[in-house]
Structure formats: structure tokens, C-alpha cells
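In order, the protein sequence lines correspond to chains A and B.
Going by the working numbering, the first residue of the first sequence is number 1, and it counts up by one from there.
Going by the working numbering, the first residue of the second sequence is number 113, and it counts up by one from there.
Be careful, since some hints might not be right.
[What the hints assert, rightly or not] Here are the simulated lysine-lysine pairs, DSS-like style, with alpha carbons at most 25 Å apart:
hint	chain 1	residue 1	chain 2	residue 2
1	B	LYS176	A	LYS1
2	A	LYS42	B	LYS153
3	B	LYS126	A	LYS1
4	A	LYS1	A	LYS42
5	B	LYS167	B	LYS126
6	B	LYS132	A	LYS1
Hints listed in this document are in silico derivations from the structure and should not be mistaken for laboratory results.
What follows is each chain in one-letter form.
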Amino acid sequence: KQEVTQIPAALSVPEGENLVLNCSFTDSAIYNLQWFRQDPGKGLTSLLLIQSSQREQTSGRLNASLDKSSGRSTLYIAASQPGDSATYLCAVRSGGSYIPTFGRGTSLIVHP
Amino acid sequence: GAVVSQHPSWVICKSGTSVKIECRSLDFQATTMFWYRQFPKQSLMLMATSNEGSKATYEQGVEKDKFLINHASLTLSTLTVTSAHPEDSSFYICSATGLESTDTQYFGPGTRLTVL
Chain A
1 KQEVTQIPAA LSVPEGENLV LNCSFTDSAI YNLQWFRQDP GKGLTSLLLI QSSQREQTSG
61 RLNASLDKSS GRSTLYIAAS QPGDSATYLC AVRSGGSYIP TFGRGTSLIV HP
Chain B
113 GAVVSQHPSW VICKSGTSVK IECRSLDFQA TTMFWYRQFP KQSLMLMATS NEGSKATYEQ
173 GVEKDKFLIN HASLTLSTLT VTSAHPEDSS FYICSATGLE STDTQYFGPG TRLTVL
């Protein structure tokens, strides 16, 4: 059974810092991995989707990397802004299943 | 594109009543819809998977008679919480995958249910 862990659970940084959010998974036979953003009381917004054959994906100030062999993914946020404050969820879809397993998320606060 | 809506966005009801939550894919046909439940500071837990025109597949531990799911068309799925109790209070989120690709799930904005 796939298990997904996100560290840290919470993070508070001043505006402008570059930061890294971590996601680890137990079963390396994955189909893809996806990073989501969730604002309080809201649904999920997809940020980046990395297929199992890819090593990284980039969108604006966001960069996600994937290392299947070590069971890890990182989400790098450059030059953080207060608007980046949200919970970031990592979801791993294992091979043979179309249902992703979610981590508990990292709650990020970027203060001015 | 690929927008999923939910209605209502929040609902408060008395214990013992039933509540229906709608999930719609607005600009694509959803072959499969998923219903999740999320408790505060917890991850999303899959409740059930539904395919249009067939019975939903429930995850272990989810009472199918309590959480009724109907997927009557390629753009609409409903979740009915029957005889709701305070412990059913939670954030319910649906997602959908389209005909073109099952790689990506598109999520709705969620429904906050509070049972008094």
C-alpha cells in the first residue's frame, strides 16, 4: 500500500525566501506525481504533474523534481510571496491504479 | 477548460436530515467521478469512485447506505448523506477525469457540511 509523507507539516517564512517542500512515498512503482495547492476552505488547484518518466517540471516560480529510486519529490518555490500562503498537497498515483494517494500537506505561511 | 463545480459550497443541517451535494463537470464529459472527504489538517480520503451509469465503488469502511452516490450522466454526480449526524461534518470534495485522458483529476471547490 502506497504511503505518502510530507515534511514539514507547517512552514512560516518571510517574503522573498526560496523554499523547498518535501514529499516522500514508499512504493517507487508510480505512474505520476502531482502537486496541488489548497487555500483554506477551498478545493484543490493543480500546480505541477510529473510523469514517472520525467525528472522535473517547471511552472513560473515553481519547480518540482522527482526521484523515483529514492521515493522523493520536492517542490521548490522561488522568491516566495504572501500570495503563496496555502496548503500544498502531494499526490502519488501508483502504477496500475488511477486513484492517487495524498499526503497530509504542508501548510505554508509567507509573511510580508 | 476542465472546470468542476460543486453545489452547495456550504450547508448546515440538523441531525437526522439528508443532504445532497452535486458535482458537475462544466466543459467536459467526465467518465469517472471521485468523492473525497477531508477532515481539518488531514489529507483527502477517497470515499468512492463512480462511473456514469453504473454503481459506485466504495472504499473500505465507507457505508454505501449512508453515502448514496448517483452518477446519472457524464456531467453530473451526486452524493447524498442520509440521516446526517455531527460526525459527518466535514469537507467533501469531488473530482473528475475526462474522456480524453485519465491522467489528471480535476477537482471541485468542495462543500463544507456542518451537522448540528
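Which hints from the list above does the structure break, by number from lowest to highest? 3, 4, 5 and 6
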